[in-house]
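As you go down the protein sequences, you meet chains A and B in turn.
Using our numbering, you'd call the opening residue of the first sequence number 1 and step up by one each time.
Using our numbering, you'd call the opening residue of the second sequence number 113 and step up by one each time.
Since the hints were made in silico from the structure, they are not lab data.
Even glycine gets a Cβ: it sits at the ideal position worked out from N, Cα and C.
Treat each hint with caution, since some may be false.
Restricting the straight-line Cα-Cα distance to at most 30 Å, the calculated cross-link-like pairs of lysine-lysine (DSS-like) are [as the list claims (entries may be wrong)]:
no., chain 1, residue 1, chain 2, residue 2
1, A, K5, B, K126
2, A, K5, B, K153
3, A, K54, A, K5
4, A, K104, B, K153
5, A, K71, B, K176
6, A, K71, A, K56
7, A, K104, B, K178
8, A, K104, B, K167
9, A, K68, B, K153
10, B, K176, A, K104
To give an idea of the chain B side of the interface with chain A (calculated C-beta under 7 Å), a few residues [stated by the list, open to error]:
no., residue
11, F151
12, L156
13, L158
14, T161
15, E164
16, F179
17, I205
18, G220
19, P221
20, G222
21, T226
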Amino acid sequence: DQQVKQNSPSLSVQEGRISILNCDYTNSMFDYFLWYKKYPAEGPTFLISISSIKDKNEDGRFTVFLNKSAKHLSLHIVPSQPGDSAVYFCAAMGGGADGLTFGKGTHLIIQP
Amino acid sequence: GAVVSQHPSWVICKSGTSVKIECRSLDFQATTMFWYRQFPKQSLMLMATSNEGSKATYEQGVEKDKFLINHASLTLSTLTVTSAHPEDSSFYICSARRGTTLHEQYFGPGTRLTVT
């Protein structure tokens with residue numbers, strides 16, 4: 001059973017616009033959430049994270065929003081750039097476990 | 113920065129043989145290292161967690177005797193796939209966590225294993 005779900009396998013956004021990637025989770029024990037960016041045949045690169053005690057965290061063009069009651073988080077990228085084209089993974093941790101639980105990823109395509 | 117390397121980046125082996133994959137943290141000491149596996153179009157699945165000098169903790173469904181993990185130092189962990197079979201073909205990724213950043217794992221580039 002997927003505890004972290006990314007329901008959109010792909011997303012296409014025009015350069016300069018906002019990209020919004022969504023993630024839902026089912027395990028209420030998760031208390032920390034992370035977003036990773038991944039290129040083919042490479043390991044994931046950490047982008048941004050958020051603790052469950054916060055509802056927003058911002059770092060440059062990247063902002064993560066957390067809605068605990070809905071068990072939903074989103075990653076906003078603005079403005080979107082061609083180099084942002086990659087697969088984005090949502091990950092969660094908590095409940096005493098050290099490892100990360102990943103979603104299946106969303107392939108973001110930035111169109112010129 | 114926090115750089116993690118893996119070796120080899122890809123390997124092809126025959127069914128029944130064993131393959132060792134190395135994971136190194138190059139510029140920091142990793143108190144904990146993790147091993148993940150990713151099948152095509154699937155999420156990364158945690159296989160095991162290893163702390164330096166102690167036995168690895170395996171996730172449910174991961175065979176301890178098949179996937180041997182050794183975390184001999186604070187900068188090196190190895191995963192040995194023993195008696196590999198074609199169904200073990202996958203992308204194996206390690207990550208390392210620095211002691212002061214509990215929630216941030218730094219990932220290696222991955223190793224593509226193909227068992228023929």
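Now the hints, each set against the structure:
no.: 1; hint: A:K5 x B:K126; verdict: violated, 35 Å
no.: 2; hint: A:K5 x B:K153; verdict: holds, 13 Å
no.: 3; hint: A:K54 x A:K5; verdict: holds, 20 Å
no.: 4; hint: A:K104 x B:K153; verdict: holds, 7 Å
no.: 5; hint: A:K71 x B:K176; verdict: violated, 33 Å
no.: 6; hint: A:K71 x A:K56; verdict: holds, 14 Å
no.: 7; hint: A:K104 x B:K178; verdict: holds, 25 Å
no.: 8; hint: A:K104 x B:K167; verdict: holds, 29 Å
no.: 9; hint: A:K68 x B:K153; verdict: holds, 28 Å
no.: 10; hint: B:K176 x A:K104; verdict: holds, 25 Å
no.: 11; hint: F151; verdict: violated, 11 Å
no.: 12; hint: L156; verdict: holds, 5 Å
no.: 13; hint: L158; verdict: holds, 4 Å
no.: 14; hint: T161; verdict: holds, 5 Å
no.: 15; hint: E164; verdict: violated, 14 Å
no.: 16; hint: F179; verdict: violated, 14 Å
no.: 17; hint: I205; verdict: holds, 5 Å
no.: 18; hint: G220; verdict: holds, 5 Å
no.: 19; hint: P221; verdict: holds, 5 Å
no.: 20; hint: G222; verdict: holds, 5 Å
no.: 21; hint: T226; verdict: violated, 13 Å
Hints 1, 5, 11, 15, 16 and 21 from the list above are not met by this structure, while the remaining hints are.
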